[in-house]
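Take the sequences, apply the hints, and build the full model.
Numbering-wise (numbering that gives the first Met the number 0), the sequence shown opens with residue 0 and increments by one.
These are computed hints drawn from the structure, not numbers from a lab.
Wrong hints could be hidden among the right ones.
Quick list of in silico lysine-lysine cross-link-like pairs, DSBU-like style, CA-CA up to 30 angstroms [as the list claims (entries may be wrong)]:
1) 198 - 14
2) 198 - 217
3) 198 - 209
4) 14 - 209
5) 35 - 14
Derived Cβ-Cβ restraints for the label pairs, each shown as a range [claimed, not checked]:
6) 260 - 93: 45 to 53 angstroms
7) 93 - 11: 23 to 31 angstroms
8) 188 - 222: 25 to 33 angstroms
9) 54 - 177: 17 to 25 angstroms
For each residue, glycine too, the CB sits at the ideal point set by N, CA and C.
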Amino acid sequence: MTTRSAFALTASPAKLEITGDPGTILTGTIELYNEKSRNQTVYTSFENFESNDDTGTPRFIGADEGLATWMNAPASISLDAQERTEVTYTISIPASAEPGGYFAAIFFGNQPLQSDGSAVSIGGRLGILILLRVNGDVPESGGILDFEATDQQHFYLMPPIEFMYRFSNTGGDRAVPRGDIELHNTFGMVRDRVNANPKEGSVLPNTARKFINTWERKGEEPHGFFATARSQFRQFHFGWYTARLNVHWGQSGQESVATYSFFIFPWQVLLLGIIIIVLAWIILRFVGRMYKASLLRQLEKQQSMKNEE
Numbered sequence: 000m001t002t003r004s005a006f007a008l009t010a011s012p013a014k015l016e017i018t019g020d021p022g023t024i025l026t027g028t029i030e031l032y033n034e035k036s037r038n039q040t041v042y043t044s045f046e047n048f049e050s051n052d053d054t055g056t057p058r059f060i061g062a063d064e065g066l067a068t069w070m071n072a073p074a075s076i077s078l079d080a081q082e083r084t085e086v087t088y089t090i091s092i093p094a095s096a097e098p099g100g101y102f103a104a105i106f107f108g109n110q111p112l113q114s115d116g117s118a119v120s121i122g123g124r125l126g127i128l129i130l131l132r133v134n135g136d137v138p139e140s141g142g143i144l145d146f147e148a149t150d151q152q153h154f155y156l157m158p159p160i161e162f163m164y165r166f167s168n169t170g171g172d173r174a175v176p177r178g179d180i181e182l183h184n185t186f187g188m189v190r191d192r193v194n195a196n197p198k199e200g201s202v203l204p205n206t207a208r209k210f211i212n213t214w215e216r217k218g219e220e221p222h223g224f225f226a227t228a229r230s231q232f233r234q235f236h237f238g239w240y241t242a243r244l245n246v247h248w249g250q251s252g253q254e255s256v257a258t259y260s261f262f263i264f265p266w267q268v269l270l271l272g273i274i275i276i277v278l279a280w281i282i283l284r285f286v287g288r289m290y291k292a293s294l295l296r297q298l299e300k301q302q303s304m305k306n307e308e
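Structure (C-alpha cells):
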C-alpha cells in the first residue's frame, strides 16, 4: 500500500504496524519515490496522533513526548528526478515504556522545520502512520456500543440497507474488530453476510469509532415498477429479518455481539405475483367453463340423435 502527496512524492508502505519490547531499538525502511522530472529535497519530522472523532480520522498533537520522541531518521533526503530510495528509520523504545499502544507519524515535507522544531504552516507534507505495540501485559476490553441501520428505519422494500455500529475500545492498545454481519430471515436461515470491517480500521485506546457497512443489492439499481419487481424476484427477501453483528478482536480473542431487526416487504413483486395468480385463475375458470359448455353441447347433441332414432 502506498500514499501520495500533492507535491509529487510517493511513500510505501502507507502504514507501519510494529511490535517491540521495552529497552529495544527497532529499525525499518520506507521507500520514497520522486515523481517529479526534477530534483527535490524532502525534510523529515515526527508527530504523535490521537483519534479526532468517531470516524477514525487522526489528529496530530505534536512531538513533546511519547513515540514521536523515540523515532529518528535523516533530517533531509535529496531525491533526483524519478528516483526511488529507501529511508532508514529507528525507534528506540525506553526501558521504562509501559506495555500498550503508541501512535505517531513520520512526515516528509517540502519545507524545512522551523527553528523551534515545528513544521511550517505552508507547503506540503506526506505522512506515514506508525502503530507501535510495546509488548507486555496489555489489557484488552471494549465492545459494540450500538448497532442499527443508518436511517434508523425498520421497513424496507429490498436491499441495499446501510448499517452503522460504534465500537468502543477501553483497552491499552488499538483494537481491530473483525467479523461479519449475518442476515437471518424469518426462519433463522442465513441469507447473506457482510464484512464488518473490510478496511481493517483500528480503534485507538479509550476512544469509540463508527463503522458503516452496506448490505448491497445484487445487480444495477432498478428504475420503474417492472424493473424493481424483476430485481426483487432475482434477490427475493420477504418478512422479518435480523442482522446479527459478531466481531472479535485482540490477542485474547475478545468478542461482542449485537442485533438489529427489520421487515422487508417487496410489494412490487408481490403485487405482480398476485396479478399473475388472479389472471391465471380467471383464465383457468374461463377455460373450465368453456370446456363444460362444450361437454354439455356434445351431450345434448348425442341425446338429440338418440331421440330421433
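Verification of the hints:
1. The hinted pair formed by residue 198 and residue 14 meets the criterion: a straight-line CA distance of about 13 angstroms does not exceed 30 angstroms.
2. At most 30 angstroms may separate the alpha-carbon atoms for a hinted pair to count; residue 198 and residue 217 meet this at roughly 21 angstroms.
3. Distance check on the hinted pair: residue 198 and residue 209 sit about 13 angstroms apart at the alpha-carbon level, within 30 angstroms; holds.
4. Of the supplied pair hints, the one linking residue 14 and residue 209 holds, its CA atoms being roughly 20 angstroms apart against a limit of 30 angstroms.
5. About 23 angstroms separates the Cα atoms of residue 35 and residue 14, which keeps this hinted pair within 30 angstroms; it holds.
6. In this structure, residue 260 and residue 93 meet the distance hint of 45 to 53 angstroms, their C-beta atoms being roughly 51 angstroms apart.
7. Here the CB-CB span from residue 93 to residue 11 is close to 29 angstroms, well matched to the stated 23 to 31 angstroms.
8. In this structure, residue 188 and residue 222 meet the distance hint of 25 to 33 angstroms, their C-beta atoms being roughly 30 angstroms apart.
9. Checked against the given bound of 17 to 25 angstroms, the beta carbons of residue 54 and residue 177, roughly 19 angstroms apart, stay inside it.
When the structure is compared with the earlier hints, no violation turns up for any of them.
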